[in-house]
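A.B. asks: Chains A and B supply the protein sequences, listed in that same order.
FYI, in this note's numbering the residues of the first sequence are 1 to 319.
FYI, in this note's numbering the residues of the second sequence are 1 to 535.
Careful: at least some of the hints might be erroneous.
Cβ-Cβ distance ranges computed for the label pairs, FRET-style [said to hold, decoys possible]:
id, chain 1, residue 1, chain 2, residue 2, range
1, A, H52, B, V282, 49 to 57 Å
2, B, G357, A, H176, 55 to 63 Å
3, B, D137, A, E62, 22 to 30 Å
4, B, N134, A, V72, 53 to 61 Å
No lab work stands behind these hints, which were simulated from the structure alone.
All residues carry an ideal CB built from backbone N, CA and C; glycine is no exception.
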Amino acid sequence: MRYLLKKIMTLSVTLFLVSVAAFIAFQIIPGDVVGSILGTEATPEREEELRHELMLDRPPVERYFHWLFNVVKGNLGVSYRYSKNMNEMMPVKELIGDKLPVTLSLAALSILFIIAVSIPLGVLWARSKSRALDAALSVLTQVSMAIPAFFIGILMTYLFGIALKLFSPGAYVSYHKDFKGFITYLIFPAISIAIPKIGMTARFLRNSMLTEIKSDYVRTAYSKGCSERRVMYGHVLKNALMPVITFLGMIIAEIVAGSIVIEQVFSLPGIGRLLISSISTRDFPVVEILILYITFVVIFVYFTVDILYRVIDPRISGK
Amino acid sequence: MKKRFLSFFLAVLTMTTLGACQGSTAPASQDKPDASPAPTMGTTTEVNSSIAETEPEPVYGGSMVVGIQQDIDSLDPHKATAAGTKEILFNIFEGLVKPDENGNLICAVASDYTVSDDGLVYTFTLRDGVKFHNGADVAAEDVKYSLERASGLLDGTPLISVLSAITDVTILDEKTVQVTLGAPNPELIYSFTVAIIPNGSGEDAEASPIGTGPFAFEAYTPQEGIVLKKNESYWQEGLPYLDEVKFKIVSSSDTALLELKTGSIDIYPYLTDSQAAELESVYKVQSAPSNVVQALFLNNAVEPLNDKKVRQAICYALDKDAINDFVSGGKGTIVSSAMLPTLTDFYEDLNSTYGTGANVEKAKKLLSEAGYADGFDLEIMIPSNYEFHMQTGEVVAEQLKEVGINATINPVEWNTWLSDCYTDRKYQASICGFTCDMTPGYLLNRFRRDSKKNFINFDSAEYDEVYASAQEANNMKDRTGYYIRLQEILTEEAGTAFIQIPPVTTAIGKDVYGYRFYPVYVQDMSTVFKGTRQN
């Protein structure tokens, strides 16, 4: 219980500091949202009116705390940039709420691919006695790790989109309309994200297993008469997975927090693209919430990994 | 032969329909202080006739996807400022008058208008049978409300600054609205293209955009796009053809190219020259002059650009023909002042002043006269999101090096450009383009000394005087003389190095017909239809 409280405290303090940092960054970078909205044809009267409407004529400290109190109360404010209808601006909650499922589905799908491929691959690799397979996998994972995901994305669009016509790039369908079509469209972006991470995870798992295999308990297990199968899956893999979970946690945090570049490559309207366009239009309320979301995800995933550790390995909570 | 006949028939048909509508404005123009007809903005006819050549009979129904580069900045037609938004809203909203593809004003919500002899009172007669998308008839109250809202009579803040000239809007009877101005301004008629919206809808928080245009608003999703559906009771008989139009936001020009190649976009209007070449086999690729004036803007207030000779040297140093070939594929129109050549009545060709090629010797001579025989460093600030201006910048920098000016490019983000360069004027030189509307004096206004938009710090007392005289002139004929003089002053003083009117190059699906280029920046979908693919 004390542990949980401590974690929540850390979380709140981190979120607060990050939000202050983002706010200050917005004060420093040149250009403001009024210029962005009104463009080159702005008249001083309209500028002033808009500045007043958006409370930009108040001192920064006042504006920050005004925003903070509203957020704490659960009022995330409205976007400066995106309209909902003719006279209303889009509430941040609605805007992000609409984009989040895209990013989360993409993340879930790619994590699924990573786990489904890298763990069997890592085990196979660790158990393999074939030199050729070892060399092949070594080269393959090395290459996949070296290519950035966005480049794999571009290659995929050319190969599967234009040459083989397996999907049409840009023909994204909203999940509101056609969920199956939506998931189908996500497959290729998800693979693009997964490939480099699969290489990393498989390699990591293999190394971790090889270390475990040399341990004394493996010899003991064999001498007790355990089958190789039982030794591998019951003992080695279980122990070898411990560091892999930390590693996967890092990867998951990275993916859930925003597959910014991949969304850009595949024209996916997720939060990554929203973040980029909101920064360039100085849409402060949207940027702040997105940054808080990303911070939250990273901290939360690490926290979950911590808890998982305790569940899997009873030795830790004893310490 | 049959095809020929058909295209001839279509051409005649278009002429008669246009004629009919202009016919209704003809008596009005006689009452105007100046009897000359509304200025014609030049000619995309060449392009259009080439479309007509292969155009089959219009087909009703179907939907179309148009690729757009920017997100919508506002769904309120009076508040939208981005050209990329206005080009879409053109399909939803209409004004009392609206532009046609030849740059004439045609009547829309109004069927007729007259202007009093002193130029102060405009009287609009509303067209019968114009309905809003919600089914209500357009009434005089709606027109009054729309004009008062846009001009600031409603709450004191004009949403469209030029309309603040309106001092009063009176309903004479249920079909007639009278608008009074504080001072005569024959160019104001171009601003009556302002959207007519239902009475009170601007204050109704929940209101969805409702206009009288050929398409009605259906849905908008940030970052994805906007969907329009057919207006079944549009006042122009027989239009539009399509049931649905989707304006789809593409995330970058590279993804746009991919989407074009796989056919998920039917029309895409912002191709670069190299993209156009790549798509020529799968799309109809067509160009027309844009309404953008591109220039190497020079800050007249900083050393050494405050010296007229240095600015002239830069004008001589530029090889505009080479720039046009390199970035516009030779399809740009070279200009030397701030007026669109398509505004034929007002435009003066001043290209002979500095020539369209480079004159290195003359430039070097002027530089040494000014005391910069060894050249100087010049930083060109360019908004990096405009690939076209960035490419131009690279060519310009090389050309300036020929005369000893060490030019470097400083790419900045759009918002940074707006605040540092445009608002604070903290820059030496910049390459950018300005979009013009149909008002002839639109671009000239910004070079007055006390104009807030005079970001080049152009400083000419004569210019201000001539501009003031132009504004006092109550007919377009007299204004024309002044406007030509303004262009001359701007060129003689080398206020800025004007480059070209870039082309708009559009990819149009092979099964898409009826797409029209406008001299202003709009995507008119009302005449577009999908036929059978002809290869």
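A.B. asks: All the hints need checking, so say for each whether the structure fits it.
C.D. replies: Here is how each hint holds up against the structure:
no., hint, in the structure
1, A:H52 to B:V282: 49 to 57 Å, "holds (51 Å)"
2, B:G357 to A:H176: 55 to 63 Å, "holds (57 Å)"
3, B:D137 to A:E62: 22 to 30 Å, "violated (49 Å)"
4, B:N134 to A:V72: 53 to 61 Å, "violated (41 Å)"
Going down the numbered hints, you'll see the structure goes against 3, 4, while the others check out.
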